[in-house]
Amino acid sequence: DVKVTQSSRYLVKRTGEKVFLECVQDMDHENMFWYRQDPGLGLRLIYFSYDVKMKEKGDIPEGYSVSREKKERFSLILESASTNQTSMYLCASSSGGTGFENIQYFGAGTRLSVL
Amino acid sequence: SQQGEEDPQALSIQEGENATMNCSYKTSINNLQWYRQNSGRGLVHLILIRSNEREKHSGRLRVTLDTSKKSSSLLITASRAADTASYFCATNTGGFKTIFGAGTRLFVKA
Numbered sequence: 114d115v116k117v118t119q120s121s122r123y124l125v126k127r128t129g130e131k132v133f134l135e136c137v138q139d140m141d142h143e144n145m146f147w148y149r150q151d152p153g154l155g156l157r158l159i160y161f162s163y164d165v166k167m168k169e170k171g172d173i174p175e176g177y178s179v180s181r182e183k184k185e186r187f188s189l190i191l192e193s194a195s196t197n198q199t200s201m202y203l204c205a206s207s208s209g210g211t212g213f214e215n216i217q218y219f220g221a222g223t224r225l226s227v228l
Numbered sequence: 291s292q293q294g295e296e297d298p299q300a301l302s303i304q305e306g307e308n309a310t311m312n313c314s315y316k317t318s319i320n321n322l323q324w325y326r327q328n329s330g331r332g333l334v335h336l337i338l339i340r341s342n343e344r345e346k347h348s349g350r351l352r353v354t355l356d357t358s359k360k361s362s363s364l365l366i367t368a369s370r371a372a373d374t375a376s377y378f379c380a381t382n383t384g385g386f387k388t389i390f391g392a393g394t395r396l397f398v399k400a
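Here the protein sequences line up with chains U and F, keeping their order.
The first sequence begins at 114 in the numbering used here and counts up by one.
The second sequence begins at 291 in the numbering used here and counts up by one.
Pulled out of the complex, with its shape left as it was, chain U reads as follows (with noise of 0.2 Å):
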């Protein structure tokens, strides 16, 4: 099966705080991927990788960065939490480039609260 792990269930932070957000996958997947979701709004894509040391914006990735270093390692860092990113955070991971079925497995999620 595969797994993918966060780091943290619950966070609390202050407002301008740096905040990190590990995940981790053990399948070896090429992708990985950071969403955030909000009521009402669905899942809205931070930023992905599709290789280690390789990153690419999503529809949101303002006032956010990546880490990837490792293949199975994907980190989010908020350079300075601001209450606005108070959410819910999720990590997935799939295998594949583009053209696969890129069918997602999912992190438990790590709810943020930002103070």
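Only true hints are included.
Listed below are the simulated DSS-like cross-link pairs for lysine-lysine, each with C-alpha atoms no more than 30 Å apart in a straight line:
id	chain 1	residue 1	chain 2	residue 2
1	U	Lys-184	U	Lys-170
2	U	Lys-168	U	Lys-126
3	U	Lys-131	U	Lys-166
4	F	Lys-346	U	Lys-116
5	U	Lys-126	U	Lys-166
6	F	Lys-316	U	Lys-168
7	F	Lys-316	U	Lys-170
8	U	Lys-170	F	Lys-360
9	U	Lys-131	U	Lys-184
10	F	Lys-387	U	Lys-168
11	U	Lys-184	U	Lys-168
12	U	Lys-183	F	Lys-387
13	F	Lys-387	U	Lys-116
14	U	Lys-168	U	Lys-116
15	F	Lys-346	F	Lys-359
16	F	Lys-346	F	Lys-387
17	F	Lys-387	U	Lys-184
18	U	Lys-166	F	Lys-387
19	F	Lys-387	U	Lys-170
20	F	Lys-360	F	Lys-316
21	U	Lys-126	U	Lys-116
22	U	Lys-168	U	Lys-183
23	U	Lys-131	F	Lys-387
If you want a taste of the chain F side facing chain U, the calculated C-beta under 10 Å gives, among others:
id	residue
24	Glu-295
25	Gln-323
26	Gly-332
27	Phe-386
28	Thr-388
Calculated directly from the structure, the hints in this document are not laboratory data.
Computed from a predicted model, the values in this text were never measured in an experiment.
Virtual Cβ for every residue (Gly too), placed ideally from N, Cα, C.
With chain U held as given, fit chain F onto it using these hints.
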């Protein structure tokens, strides 16, 4: 703008009844997928239907795809209380990105 939009936003049924959720999308797709999310958890992939397929079954799930209408439906037969969750359609246009809709919240009353 969202590629996939589910309808209805919320659905409440009795155990044993069938549940039907619909999804509409805007552009040509490679495949359409349905995912399930239990409250406060990550999404779990349920079923994938390719653009050249019209219907697909998996256990109590039946998915249809009408590419001329750019729409899909998910039918869950003989619903159980454990089916209570949010259901999302997701479209893949051939690149790395999969675009998710806002979801349908299903509540199955025991």
